[in-house]
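Participant: All chains, please: the whole structure from these sequences, using the hints.
For the record, in the sequence shown the residue sitting at position 37 is 39 according to this note's numbering, with numbers rising by one throughout.
There are no misleading hints in this set.
Pairs of lysine-lysine residues, derived as PhoX-like cross-links and limited to a Cα-Cα distance of at most 25 Å, are as follows:
| hint | residue 1 | residue 2 |
| --- | --- | --- |
| 1 | 107 | 88 |
| 2 | 53 | 169 |
| 3 | 125 | 5 |
| 4 | 76 | 220 |
| 5 | 260 | 241 |
| 6 | 225 | 289 |
| 7 | 241 | 313 |
| 8 | 289 | 342 |
| 9 | 53 | 76 |
| 10 | 107 | 313 |
| 11 | 53 | 88 |
| 12 | 289 | 260 |
| 13 | 342 | 313 |
| 14 | 112 | 88 |
| 15 | 342 | 241 |
| 16 | 289 | 241 |
| 17 | 112 | 76 |
| 18 | 125 | 107 |
| 19 | 209 | 169 |
| 20 | 313 | 125 |
| 21 | 313 | 289 |
| 22 | 260 | 225 |
| 23 | 107 | 76 |
| 24 | 53 | 112 |
| 25 | 88 | 76 |
| 26 | 220 | 209 |
| 27 | 5 | 313 |
| 28 | 107 | 53 |
Derived CB-CB ranges, DEER-like:
| hint | residue 1 | residue 2 | range |
| --- | --- | --- | --- |
| 29 | 191 | 228 | 25 to 33 Å |
| 30 | 320 | 168 | 31 to 39 Å |
| 31 | 192 | 254 | 24 to 32 Å |
| 32 | 338 | 211 | 49 to 57 Å |
| 33 | 290 | 228 | 16 to 24 Å |
| 34 | 127 | 242 | 25 to 33 Å |
| 35 | 226 | 254 | 15 to 23 Å |
| 36 | 22 | 246 | 53 to 61 Å |
Hint data in this document are derived by calculation from the structure and do not stem from the laboratory. Note that beta-carbon positions come from the ideal geometry of N, C-alpha and C, so glycine has one too.
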Amino acid sequence: MKKIGSINNVFNVLSDLSLQHILILPHVRADADAMGSAVGLARGIEQLNVKTEIMVDEEIPAYLNFLIAGYPMKIYTNEIIDTIQKPDLIILIDHHEVERLGQRKEILEKFSNVPILIIDHHKIQAETENEFHQNFGSNQILTIWLESDRSSVSEMIAELFLHTDEKFSLNDSVATSLMGGIYGDTGGLRYANSGIRTFEICASLMKQNLAIDLISEKLFGEKPLNQLRLISEVFANVKLSQNGNIMWFVVEPELLDKYQVTQDDLEGLCSQMRDVENIDLAILIRKISDDEIRVNLRSNQAIDVSELARKYGGGGHARAAGITIEGYHDLNLFETDLIKQAELMICAE
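Facilitator: Given below as structure tokens:
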């Protein structure tokens, strides 16, 4: 399915005068779209005199701080679960799977009688809406708005505000968060997921006093020197498939230590690998620990990387997807198998 629900469903839910407290949960390892849409939505909802909270699983990368604009973000810990005030509504934003909550799935377990609103643009695997509901067990899904052909959830939230301007009004802060989210997921409007509607919505956001140059610089331009040194070593040592159309690299913790950088400094690297001439598929394999491997997948038109990711329990979009492997796995064997599967899929296209 490409679509479930509608913008009107979401508007009706958020217009409920009985709502006093809304908890917003973006996906783990939140990116620009997850944070931009979450903060933009929260700021918009606050115009209705409704309390909002955004809770994340880990520290937000420093390069995304401009999207947050002072919003008091909460980081989930094992100790915080008993202190969370019961919300009237829980919103899952930029994802539609419990597993994408990380530790915060305990919140859904604790508040199983609190209704859930889901807003997302990732591919939907469920064949029917009933099947989709079953994946959430006892939790009550109040409303869903999923459109997998959208550039970003930030685009969807912006359209919600523009569509219902008698209820919500855009301001500079909200527009900056949403534009940053759109820019993040479209590569600065360079990717194929940037449609006519995307540009129309961006034009509307530009009517606010936002600094598009700052957004571009923070997301794509400004990089620490050590990060650039790391990138230089990666490109000096990347591996290529026999046909020369698949590029990949394995990042182990020792390499990050060498340049005194973090996993956050790898953001955007896989996309840069894909931008190399004649490369159809870029793969960045990251060893997080002995018990966790993460993979970034980026492609052009040659392969739907969400299908490749799904073979290993991951997912995402046709041109950008990811995998998380938990538990001990032999890194070399995993690398070999992943590249083999990638080559088979490209040959089959």
